[in-house]
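Peer 1: Mapping the sequence shown onto this note's numbering, position 39 (from 1) lands on 37, and the numbers just tick up by one.
Hint data in this document are derived by calculation from the structure and do not stem from the laboratory.
All of these numbers come straight from a predicted model, not from anything done at the bench.
Take the hints with a grain of salt, since some may be wrong.
What the hints assert, rightly or not - Heads up, simulated DSS-like pairs for lysine-lysine below, C-alpha to C-alpha not over 27 Å straight-line:
id, residue 1, residue 2
1, K77, K30
2, K30, K75
3, K74, K30
Said to hold, decoys possible - What follows is a set of in silico ranges between Cβ atoms, one per label pair, in the way DEER data are often shown:
id, residue 1, residue 2, range
4, L22, L72, 16 to 24 Å
5, T15, N78, 20 to 28 Å
6, L73, A45, 14 to 22 Å
7, A67, L22, 27 to 35 Å
8, I60, L33, 27 to 35 Å
9, L35, K77, 14 to 22 Å
10, T15, K77, 33 to 41 Å
11, W29, I60, 36 to 44 Å
12, K77, I18, 27 to 35 Å
13, K30, K77, 17 to 25 Å
14, A67, I18, 29 to 37 Å
15, I18, N78, 27 to 35 Å
16, K77, I19, 15 to 23 Å
Don't be surprised by glycine CBs; every beta carbon is placed ideally from N, CA and C.
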Amino acid sequence: MTSWDYFWTFASPVMDTAVIIEVLLSVFLFWKNQLVLSIICAVLTLAFSILALFSVGIYALIIAWIQLAGVLFLLKKRKNKDF
């Protein structure tokens, strides 16, 4: 085994787990109207999903873009209510 094989053997499951945790946390925060924290988690989800792209990364990447779009939509809607 090369060092690259060792990396994917041990690091890939850790990154996959991190992506899943970030997605769940971001959805929970989005549901609780914690928009700033939800944006931070969605950005972290994007970062982890790029690292874990070979397994669950592509699904988390799609979910993170949907989360970001939803958060930005709610921020825009909230900003319009202030007027």
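Peer 1: Hints first: check each against the structure and report whether it holds.
Peer 2: Checked hints:
| no. | hint | result |
| --- | --- | --- |
| 1 | K77 x K30 | holds (18 Å) |
| 2 | K30 x K75 | holds (16 Å) |
| 3 | K74 x K30 | holds (17 Å) |
| 4 | L22 x L72: 16 to 24 Å | holds (19 Å) |
| 5 | T15 x N78: 20 to 28 Å | violated (38 Å) |
| 6 | L73 x A45: 14 to 22 Å | holds (21 Å) |
| 7 | A67 x L22: 27 to 35 Å | violated (18 Å) |
| 8 | I60 x L33: 27 to 35 Å | violated (20 Å) |
| 9 | L35 x K77: 14 to 22 Å | holds (18 Å) |
| 10 | T15 x K77: 33 to 41 Å | holds (36 Å) |
| 11 | W29 x I60: 36 to 44 Å | violated (19 Å) |
| 12 | K77 x I18: 27 to 35 Å | holds (32 Å) |
| 13 | K30 x K77: 17 to 25 Å | holds (19 Å) |
| 14 | A67 x I18: 29 to 37 Å | violated (20 Å) |
| 15 | I18 x N78: 27 to 35 Å | holds (34 Å) |
| 16 | K77 x I19: 15 to 23 Å | violated (30 Å) |
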